[in-house]
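Given the structure of chain A, go ahead and fit chains B and C with the ligands onto it with the hints provided.
Chains as they are written, first to last, in this note's numbering: chain A, 143 to 494; chain B, 130 to 455; chain C, 507 to 797.
Treat the hints as calculated values from the structure; they're not laboratory data. Glycine residues also receive a C-beta, built at the ideal position from the N, C-alpha and C atoms. Check before you lean on any hint, since a few could be wrong.
[Unchecked claim] Okay, the calculated bits of chain C under chain A, using three or more residues with CB under 8 Å as the criterion: (1) 532-541; (2) 678-688; (3) 705-711.
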Amino acid sequence: MTALLSVEDVRVTFPVGGLFARLAGGPGEIEAVAGVSFEIGRGECFALVGESGSGKTTLARAIIGLQEVASGTLHFEGAEITGLGPAALKPVRRRMAMMFQDPVGSLSPRLSVRALLAEPFRIHGLTDRDLEAEVRRLLALVGLPPEFAGRYPHQLSGGQARRIGVARAIALDPVLIVADEPTAGLDVSVQGDVLNLLNDLRERLGLSLLIITHNLHVVRQVADRMAVMYLGRFVETGETEAIFAAPRHPYSAALISANPEPDPDAARNRIALPAEVPSLLARPSGCEFHTRCPWVRERCASEAPPLGDGARRVLCHYPLEPGDFAAPGMSSGIVEAGGPGGARSSPSEGAG
Amino acid sequence: MNVLSVRDLTVEFRTPGGRLRALDRVSFEVGKGRILGVVGESGCGKSTLINAILGLLAENGEITSGTIRMSDGRDLTKLGDAELRAIRGQRISTVFQDPMGALNPVLSIGRQMRDIQYRLPLSRAEKDARSVEMLRKVRIPDPESRLVQYPHEFSGGMKQRIAIAMALMMEPELLIADEPTTALDATLEVATIELLKELQRDIGCAVLFISHHLGVIAELCDAVIVMYAGAVVERGEIGTIFHHPAHPYTERLLECDPGRLHERVGRLPTIPGEIPDLRQRPAGCIFAPRCHRAEPRCAEPPPDRSVGPGHVARCWLAGETAEARA
Amino acid sequence: MSSVAEPARPRHAGLAALGRVLAEPMGLFGLALVVLVIVSAVFADQLAAYNPTRMMPRDRFADPGWTHLMGTDHLGRDLFARVLHGGRIALWVALVATSISLALGAVLGLIAGYGPRWLDNLLILIFDAVKSFPTVMLALTLVTLFGPSLTAVMVVVVLVATPSYARVIRTQTMALKTSEFILAARAMGAGMGRILRVHVLPNVIGPVLILASMDIPVVIAIEAGMSFLGLGVRPPTPSWGAILNDGFTNIRETPWIAVAGGLPVILTTLGFTFLGETLRDVFDPRLRREG
Ligand SMILES: Nc1ncnc2c1ncn2[C@@H]1O[C@H](COP(=O)(O)OP(=O)(O)OP(=O)(O)O)[C@@H](O)[C@H]1O
Ligand SMILES: Nc1ncnc2c1ncn2[C@@H]1O[C@H](COP(=O)(O)OP(=O)(O)OP(=O)(O)O)[C@@H](O)[C@H]1O
Ligand code: SF4
Ligand SMILES: [Mg+2]
Ligand SMILES: [Mg+2]
Numbered sequence: 143m144t145a146l147l148s149v150e151d152v153r154v155t156f157p158v159g160g161l162f163a164r165l166a167g168g169p170g171e172i173e174a175v176a177g178v179s180f181e182i183g184r185g186e187c188f189a190l191v192g193e194s195g196s197g198k199t200t201l202a203r204a205i206i207g208l209q210e211v212a213s214g215t216l217h218f219e220g221a222e223i224t225g226l227g228p229a230a231l232k233p234v235r236r237r238m239a240m241m242f243q244d245p246v247g248s249l250s251p252r253l254s255v256r257a258l259l260a261e262p263f264r265i266h267g268l269t270d271r272d273l274e275a276e277v278r279r280l281l282a283l284v285g286l287p288p289e290f291a292g293r294y295p296h297q298l299s300g301g302q303a304r305r306i307g308v309a310r311a312i313a314l315d316p317v318l319i320v321a322d323e324p325t326a327g328l329d330v331s332v333q334g335d336v337l338n339l340l341n342d343l344r345e346r347l348g349l350s351l352l353i354i355t356h357n358l359h360v361v362r363q364v365a366d367r368m369a370v371m372y373l374g375r376f377v378e379t380g381e382t383e384a385i386f387a388a389p390r391h392p393y394s395a396a397l398i399s400a401n402p403e404p405d406p407d408a409a410r411n412r413i414a415l416p417a418e419v420p421s422l423l424a425r426p427s428g429c430e431f432h433t434r435c436p437w438v439r440e441r442c443a444s445e446a447p448p449l450g451d452g453a454r455r456v457l458c459h460y461p462l463e464p465g466d467f468a469a470p471g472m473s474s475g476i477v478e479a480g481g482p483g484g485a486r487s488s489p490s491e492g493a494g
Numbered sequence: 130m131n132v133l134s135v136r137d138l139t140v141e142f143r144t145p146g147g148r149l150r151a152l153d154r155v156s157f158e159v160g161k162g163r164i165l166g167v168v169g170e171s172g173c174g175k176s177t178l179i180n181a182i183l184g185l186l187a188e189n190g191e192i193t194s195g196t197i198r199m200s201d202g203r204d205l206t207k208l209g210d211a212e213l214r215a216i217r218g219q220r221i222s223t224v225f226q227d228p229m230g231a232l233n234p235v236l237s238i239g240r241q242m243r244d245i246q247y248r249l250p251l252s253r254a255e256k257d258a259r260s261v262e263m264l265r266k267v268r269i270p271d272p273e274s275r276l277v278q279y280p281h282e283f284s285g286g287m288k289q290r291i292a293i294a295m296a297l298m299m300e301p302e303l304l305i306a307d308e309p310t311t312a313l314d315a316t317l318e319v320a321t322i323e324l325l326k327e328l329q330r331d332i333g334c335a336v337l338f339i340s341h342h343l344g345v346i347a348e349l350c351d352a353v354i355v356m357y358a359g360a361v362v363e364r365g366e367i368g369t370i371f372h373h374p375a376h377p378y379t380e381r382l383l384e385c386d387p388g389r390l391h392e393r394v395g396r397l398p399t400i401p402g403e404i405p406d407l408r409q410r411p412a413g414c415i416f417a418p419r420c421h422r423a424e425p426r427c428a429e430p431p432p433d434r435s436v437g438p439g440h441v442a443r444c445w446l447a448g449e450t451a452e453a454r455a
Numbered sequence: 507m508s509s510v511a512e513p514a515r516p517r518h519a520g521l522a523a524l525g526r527v528l529a530e531p532m533g534l535f536g537l538a539l540v541v542l543v544i545v546s547a548v549f550a551d552q553l554a555a556y557n558p559t560r561m562m563p564r565d566r567f568a569d570p571g572w573t574h575l576m577g578t579d580h581l582g583r584d585l586f587a588r589v590l591h592g593g594r595i596a597l598w599v600a601l602v603a604t605s606i607s608l609a610l611g612a613v614l615g616l617i618a619g620y621g622p623r624w625l626d627n628l629l630i631l632i633f634d635a636v637k638s639f640p641t642v643m644l645a646l647t648l649v650t651l652f653g654p655s656l657t658a659v660m661v662v663v664v665l666v667a668t669p670s671y672a673r674v675i676r677t678q679t680m681a682l683k684t685s686e687f688i689l690a691a692r693a694m695g696a697g698m699g700r701i702l703r704v705h706v707l708p709n710v711i712g713p714v715l716i717l718a719s720m721d722i723p724v725v726i727a728i729e730a731g732m733s734f735l736g737l738g739v740r741p742p743t744p745s746w747g748a749i750l751n752d753g754f755t756n757i758r759e760t761p762w763i764a765v766a767g768g769l770p771v772i773l774t775t776l777g778f779t780f781l782g783e784t785l786r787d788v789f790d791p792r793l794r795r796e797g
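Looking at chain A on its own, in the form it has when it is part of the complex:
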């Protein structure tokens, strides 16, 4: 089976600083996405998690053609779509929809909900359809009453705006939805509705999903596979269940251990990370996580670890073994440190 979307070694850079900064020997650009490869199969749900500012949104925008890629290739439904212009991308954009991170900000402020939902049809010249009926259908699909058609974005709550975003994304029956934080700002019940809705579409229409989210509980419930991003790279890729059961990259382990549990009395055994997030302007040498890694060893600072290949990929010299660490609320609830042969330094534990 060929993958629906395949991303190969994609890099995205942004120019930084003025002319002076560059003349003064600054790097001149940052690599927001630094060589990422993965595939999404038909009907699959792939989740992207990771540090805030690690390049998730940038990667999503590159996939949908809103952001130029510096190198690497993108294939969608077997055809290369890297670097296509807006005209050539137009048919692709009917098959691939994006939901944006900012629920209200991604809706045109002067358009009514009716006009917003009719917009995809208008853009693609499908005006022979009964747009009023389509609008009602879409509103019903996302669980909003038809009266909402007359509202303007500033008259919606955050969650209602989010549902309009979902409705707009599914308007033209795409095969891939790239959803940037599709449930941020939703209460858990509506969040369940939205995810169930996306899941239904996935089952009924064979839709594929690329979900970016910070909510690890959601990832665990919906994603088949996931990738953890750090400073523009995938540090760990694999089956969701496997990663949650036993994260192998120290950053994944820290992330999963930090996940807040809905219980005020829960014991919180966290892997605390030093606060200094490295800058993209001065990427650390060797393993880029070594400045914050609780398990760092000498080699890490000088030598970049290989990503490896196969279904489970970990960008680390000394991937954690299942016994090294177990996330709270998962199998044992006890934090254990100690690597192969006890050679690891102990991770500092967060205050409970």
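For chains B and C with the ligands alone, coordinates are given in the frame of chain A:
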């Protein structure tokens, strides 16, 4: 001593289809140095509550009854624009839900952070130094060089953290945070929680914290109010609400949290039914149409029943024993 | 798409704005003057008893009175009729020239703000070049080239006004360019034309409309000024500037002619300025928070 106390607050919006009651007799208080969480259905009026407190309701909205008092006893609903502006700048800071909307897209971050310090008798360099300090606290890498950048050059989570940094600059008496951590990854979310706790210890400010992430609420807050369709259906200490919810809505809400599911399920639990049309509120209990415990008496408006110390629920069944309910 | 439920916002906002304009004494006064000028220009034929270009040699320099409300000029033309018809010309020039400047400014500003960097730089260069040319020089050059005419007046106005409208639109467009709703439109496959028309224009046009309403008195003054100098409308077409000129030649004997030419210019300018400023105060986004 309460930093904020809200009594019977009702807010209505004028809409083409009639008046929409977005808040219905909301009452609660936030004590000094306390962190009060607000949870509830999307669209239940959390942002409206904040806007009412700040005197920033949309043009078609109005406070039709109730009082909002600060620690000095002044009723914010009675104050004029100028007085409210002074309070907003100094005594109450807010981190708004929409991080993009809170930052001006055409001004650099440094300029915006300098602008909010206009009341301080400091030089430009000193103000910038404070900004850098604050940005570092919220973990923005390279704060010095990023002061000259514009909002769109930051990721969603960074904008959120910048908004938090700006809200904390003036060391307010009350910090209102509308979902300040939704755009943050778990490690930063936890760090932000720690930061808020630390700040609250340092300057003793009270916090009104809105979030849909029950895990964050559980971890950060001392007490919580649960809202549904504009009404506070339940309020109480954090442990009580999470372990012994008295209102059926709270019960269902907690059950829906995927954080409680330790197994992967095909369909996520949801609360069946629709949010009521706020323009035609049902006469009885607002939650009755979706309530799994509804009884005939629920067609009458339920009282605010006290269930335990500081624990109140707006439900006929509240306080009746579990056996009686089952 | 026609629909059952009309969107709430524009109608309410429009009414509310009108209400607030009327609540301001300055706005009320401005609006009253503007309405007066417009009505008298539109119904000039009905209100004036004479044809503005009809010469009545026997009635030359007639004093104001019941037969000729404002008297007559050196050719015996009824001044009242000339003033009303002159208003027509003034408003017509203001309307046409401002609309053209607005349309042109909007298109150029949108392109400069949204298009590629080099195009922006080029357009800005052109705007600056045009702006740096003094208005009087511009007018003289054009008249030397094409002769005095109403068209010359309009061209001058368009050349002067377009760059400033375009600049305002450009700045705002640039601020919107990176916002998520524009990205969302691009992601849906919308072309540049549609994005600019449907998603950008409605968000940037407001301030320029206010700017334009404040420019109307300037345009009226330019028209009057050029006609006064003989660079605008050609006789015998009535124009406030031309009347003023006639008035000045005979100011000692018949001062009312100069008054008849000058007063309408002053009143109209005042009316539009007051109205424009009130509108700006009502709509200025910096003074108001949108819900
Ligand atoms: N237009 C831009 N110009 C310069 N830098 C940018 C731009 N857009 C993003 N960046 C930088 O690229 C990096 C990645 O940003 P991105 O928005 O992709 O992060 P993210 O993973 O989506 O984060 P979050 O979870 O907080 O939304 C950040 O350091 C950001 O500052
Ligand atoms: N200006 C307005 N005009 C009309 N209705 C409005 C307006 N602002 C908000 N509403 C309605 O009032 C209700 C409460 O909205 P509010 O934004 O306070 O919800 P919220 O609790 O903050 O939701 P979320 O968690 O989704 O952000 C919603 O039903 C919303 O549609
Ligand atoms: S390579 Fe070293 S520093 Fe990097 S994550 Fe692995 S153990 Fe930590
Ligand atoms: Mg993002
Ligand atoms: Mg809200």
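Now for the hints, and whether the structure bears them out:
| no. | hint | in the structure |
| --- | --- | --- |
| 1 | 532-541 | violated (count 0) |
| 2 | 678-688 | holds (count 3) |
| 3 | 705-711 | holds (count 3) |
In summary, the structure is inconsistent with hint 1 from the numbered list given earlier, while agreeing with all the others.
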